[in-house]
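S.K.: Those protein sequences? They're chains A and B, same order as listed.
Quick note on numbering: numbering that gives the first Met the number 0 labels position 245 of the first sequence as 244, and the sequence is numbered without any gaps.
Quick note on numbering: numbering that gives the first Met the number 0 labels position 402 of the second sequence as 401, and the sequence is numbered without any gaps.
No lab work stands behind these hints: they were computed from the structure.
These numbers come from a predicted model, not from an experiment.
Quick reminder that beta carbons are idealized off the backbone N, C-alpha and C, glycines included.
Be aware that one or more of the hints could be misleading.
The calculated label-pair distances, taken between Cβ atoms and stated as ranges, are [what the hints assert, rightly or not]: (1) B/235 <-> A/211: 35 to 45 Å; (2) B/127 <-> A/414: 48 to 58 Å; (3) B/96 <-> A/71: 11 to 21 Å.
So, partial list: chain B residues that the calculated Cβ filter (under 10 Å) puts toward chain A [unchecked claim]: (4) 37; (5) 39; (6) 56; (7) 79; (8) 98; (9) 105; (10) 107; (11) 113; (12) 116; (13) 295; (14) 299; (15) 356; (16) 409; (17) 413.
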Amino acid sequence: MAVTEAAPALAGVLAALGRAGFEEAEAYVKSGRSRRLALGPGGPLAAFAHERGWAVRASGRRASFAAAGTGFLPPRGPWPEPDGEPFRLPDPVPSEPWSAPEDLDAPLIGEAEGLRLLESLGQALAAELPGARLIEAVLEDGAADHTLASSRGVEARWRSRLAALRVEGAAPSGRGRDPVTAGLRLAEREARRFHPPALARRLADRLAIAAAGAEIEGDRAELLLAPAVAARLLAGLAPLLVGPEAAALAAELRDRRGRVASAAVTAIDDGRLPGGALAAPCDGEGVPTRAVALIEEGEYRQPLLAWHQARGPGAVASGCSRRPSWRDLPSPGPTHLYLRPRRGVAAGSLLAGLARGYYLLDAAGAGSFDPAADRFELPVCGFAVNGGRAVAPVSRAVLAGGIGALLRGVQAVARDLAFLPLDGMIGSPSLLVTGLALHPAGPDPEDG
Amino acid sequence: MPTSQLDRAAVSRTLSQIAERPGDLADAFFERVEEVELPGGGGPGVRARREEGLAVRLVRGGRTWLASRDEISAAAFADAVRRVARALPTASYSEPRLPVAPWEGAPAAPELAAFPSAVARAVRDLRIAFPLALTVRRHRRWLQVVAGPLVPDPEREEFYSVAAELPWGRFGALLPRLDDGAAVMVAATLAERFRARQAAPPERFRGVVVLGPAAAAVLLHEAVAHTLEADVLAASGDPESAVGVRLGPETLSVLDDPGSAPEGVRRTTDDEGRAVRRRWLLQSGEVRQPLADARWALASEVLLPGAGRRGGRHDPPGPRSTHLELAPGEHDDDELLAGAEGGLWADEAERGSLDPLTGSFRLDLPLARRIRGGGAADPVGRCRLSGRVAELLASVAGIGRAARPAGAGWCAKGGQKLPVWATCPALRLEGVEVTPWR
């Protein structure tokens with residue numbers, strides 16, 4: 000059943016559930032195709048998957064149920080015995096006009112084309128850094144159609160497209176030590192946007208730093224955080240930005256002027272970000288997506304809230320209920336959460352202005368974030384900088400400090416916004432930051 | 000079995016059409032999965048998921064083609080065959096009869112509802128109290144693999160998982176069944192976590208660590224099973240060359256035996272339809288037989304299939320362990336703890352990880368107890384045991400005599416989430432490094 004044919008089936012299920020006494024009912028159908036291409040120890044893999052699933056949830060006055068399955072939406076279930084708490088569903092909301100991105104219609108990457116992309120990445124890596132090699136590279140390119148309808152009159156259809164690339168490389172350390180490894184995880188709407196030479200350079204940089212990077216003494220110099228580091232930090236700040244409890248946590252970080260961050264910081268979540276990998280007209284409950292400023296020039300505006308979380312004056316909801324699969328219930332979270340870049344400011348100019356400090360290129364792990372204790376730690380790697388020039392690679396370092404200090408310490412923002420696939424697409428430009436400490440990692444090279 | 004009416008002979012004949020070259024491997028995988036979940040806190044109520052589908056695979060000359068569908072039907076099978084076929088991709092293939100029994104009634108798992116209460120009672124019996132929202136799931140899977148003219152019987156798995164988010168950490172476990180014994184075990188583990196919730200991590204030290212059966216199982220899963228998977232070995236060399244390498248002391252023997260896994264998850268064939276075997280990974284400290292699937296065994300005279308597992312139809316099979324056993328030693332717990340003043344006793348491990356390239360290994364312990372006066376005394380907080388696999392296994396200084404099922408959990412290597420089981424005694428390690436884990 001194509002999704003365009005799914006709407007009558009959804010209507011039939013909703014009608015049947017209504018007759019059975021379920022006042023609130025929602026049916027969702029997702030149909031998708033994906034191609035996975037991989038290089039690794041097991042040899043080349045070319046996989047093609049055709050997925051089709053549905054989800055139904057319904058609530059009467061006393062109880063509710065949720066069910067999901069593959070194949071055709073069954074018109075009469077059978078449904079599980081309702082024993083959950085009653086719930087209600089969102090009402091239809093008028094949506095701003097939406098133009099589907101043109102590349103939604105691009106064909107999936109072909110088998111030969113995709114494998115060539117991965118092989119060329121491996122060749123480019125070996126050319127960039129002698130002795131370096133790919134351990135594993137996996138490219139997934141998928142497209143899906145979604146249809147959703149509810150007893151409250153929500154009717155939504157949208158399409159999605161996402162390509163994900165995961166590569167891991169290794170290189171000799173050159174000092175009789177173990178080989179070093181580094182990886183990249185990226186997502187774009189279309190696989191053809193991945194540029195193997197650029198990615199190989201990036202991976203080679205990480206490997207070269209890991210191989211040659213020296214440990215540092217503790218230091219509190221100025222820091223230039225590349226987008227990969229800044230985006231990891233932003234992802235760690237999600238408890239301050241997402242959900243009904245976020246505002247109270249953020250309030251603890253306010254300074255005397257009531258600001259939680261420097262005036263250079265504006266944080267936005269936008270489910271329909273133009274060019275965004277996850278851009279869609281509505282969220283997983285059919286609620287229209289939109290841009291929401293969470294922090295604006297240092298002032299905390301509001302957390303990201305789903306329709307059922309927005310209560311009280313000034314709390315504005317947005318379509319932010321994510322539904323990664325038909326297997327998952329909708330759950331609020333960021334879609335494209337990012338720090339607003341500053342036009343005209345090149346990262347290179349921020350680097351050139353760094354008299355003595357560090358240019359941190361990448362995170363070497365997830366890190367730990369404790370908003371209640373106002374502390375964070377993130378393992379990082381990069382370069383020591385002197386007079387605006389990188390003078391020595393640095394690895395096995397940990398960026399640490401207070402979360403409030405991080406937000407207030409942002410001195411400048413560059414224009415080079417880039418997103419990482421973390422919990423949603425999380426993006427940041429390069430940030431010039433003061434007030435944080437860099438200290439050596441512990442004895443475990445994989446710490447963090 | 001829902002797949003008992005599949006025309007397996009016809010499927011086999013169709014597969015033989017695409018496996019037209021010597022050395023080709025072609026198989027078909029039919030799967031039905033049901034998961035019923037009772038979320039913690041009781042609010043959302045039961046959630047049910049039912050899915051079924053198929054996959055067709057061709058392996059030729061070291062390359063793999065896989066096509067999968069969320070549907071079991073003749074047309075879906077023929078389409079998947081067309082997608083993996085190399086010689087005549089546009090040819091039409093026969094559409095064998097693939098009737099699948101309908102699902103039986105509405106999804107339900109009434110046994111789930113009683114378990115959180117049983118755990119809460121068992122916690123109360125320990126004279127402690129804390130808020131607990133335990134999510135309980137029942138997992139069922141039916142499999143049929145067709146990989147040649149001799150078609151194995153279908154396989155069925157059923158087990159349970161529990162999970163809780165606690166203020167002092169995340170807890171999860173796999174259980175073959177939900178009975179009073181399971182409730183008492185879960186309660187005891189949660190109680191240990193509760194009692195150690197404010198304990199400070201130990202200072203960094205090198206010394207004796209005695210791992211209880213559950214923690215020993217996680218260590219062996221990472222340090223022995225993952226290390227000896229053919230694809231992991233291949234990341235740094237030739238998997239065959241591992242055979243005969245000494246990895247541990249003579250007292251250390253570890254095997255993978257899916258046929259002796261707990262009832263409900265016991266297997267006679269793997270996810271590629273090959274007979275499972277009682278596979279000695281380490282025998283008297285030496286590598287005997289790495290874990291291999293059909294694809295790795297195809298290109299080797301040394302590696303044996305039977306350890307092929309897959310997270311589902313959309314994933315390719317890979318070599319993985321199912322049920323690890325550590326051969327019991329000669330020591331009582333008292334003996335394992337003797338002379339280890341100031342060391343640690345760790346009954347539980349939260350997770351482990353292995354860097355296949357360097358052999359670096361770590362085991363994260365949510366809590367442990369100081370060994371004082373020959374017994375487990377005051378608790379310490381989160382800490383990490385790390386080192387090289389070879390060094391860590393060489394540090395095994397004693398093995399308990401009482402093996403028990405323990406340490407079952409989810410393994411997520413390569414993004415494929417699989418249940419793994421173990422039967423282990425306690426294990427004494429000497430001269431290992433422990434660092435605080437924050």
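S.K.: Work down the list of hints and note, for each, if the structure agrees.
M.R.: Verification of the supplied hints:
1. B/235 <-> A/211: 35 to 45 Å: The hint (35 to 45 Å, Cβ to Cβ) is violated, given that residue 235 of chain B and residue 211 of chain A are roughly 21 Å apart.
2. B/127 <-> A/414: 48 to 58 Å: 56 Å Cβ-Cβ, so the 48 to 58 Å window holds.
3. B/96 <-> A/71: 11 to 21 Å: Holds - the Cβ-Cβ distance for residue 96 of chain B and residue 71 of chain A, about 20 Å, lies within 11 to 21 Å.
4. 37: holds (9 Å)
5. 39: violated (12 Å)
6. 56: Holds, because the Cβ-Cβ distance from residue 56 of chain B to chain A comes to roughly 9 Å (cut-off 10 Å).
7. 79: holds (8 Å)
8. 98: Violated. Min distance 14 Å.
9. 105: Holds - the Cβ of residue 105 of chain B comes within 10 Å of chain A, reaching about 4 Å at its closest.
10. 107: Constraint on residue 107 of chain B satisfied, holds at 6 Å.
11. 113: This hint is violated: residue 113 of chain B lies away from chain A, its Cβ roughly 13 Å from the closest one there, beyond 10 Å.
12. 116: Since chain A brings no Cβ nearer than about 15 Å to residue 116 of chain B, farther than 10 Å, the hint is violated.
13. 295: holds (8 Å)
14. 299: Since chain A brings no Cβ nearer than about 13 Å to residue 299 of chain B, farther than 10 Å, the hint is violated.
15. 356: holds (6 Å)
16. 409: violated (16 Å)
17. 413: holds (9 Å)
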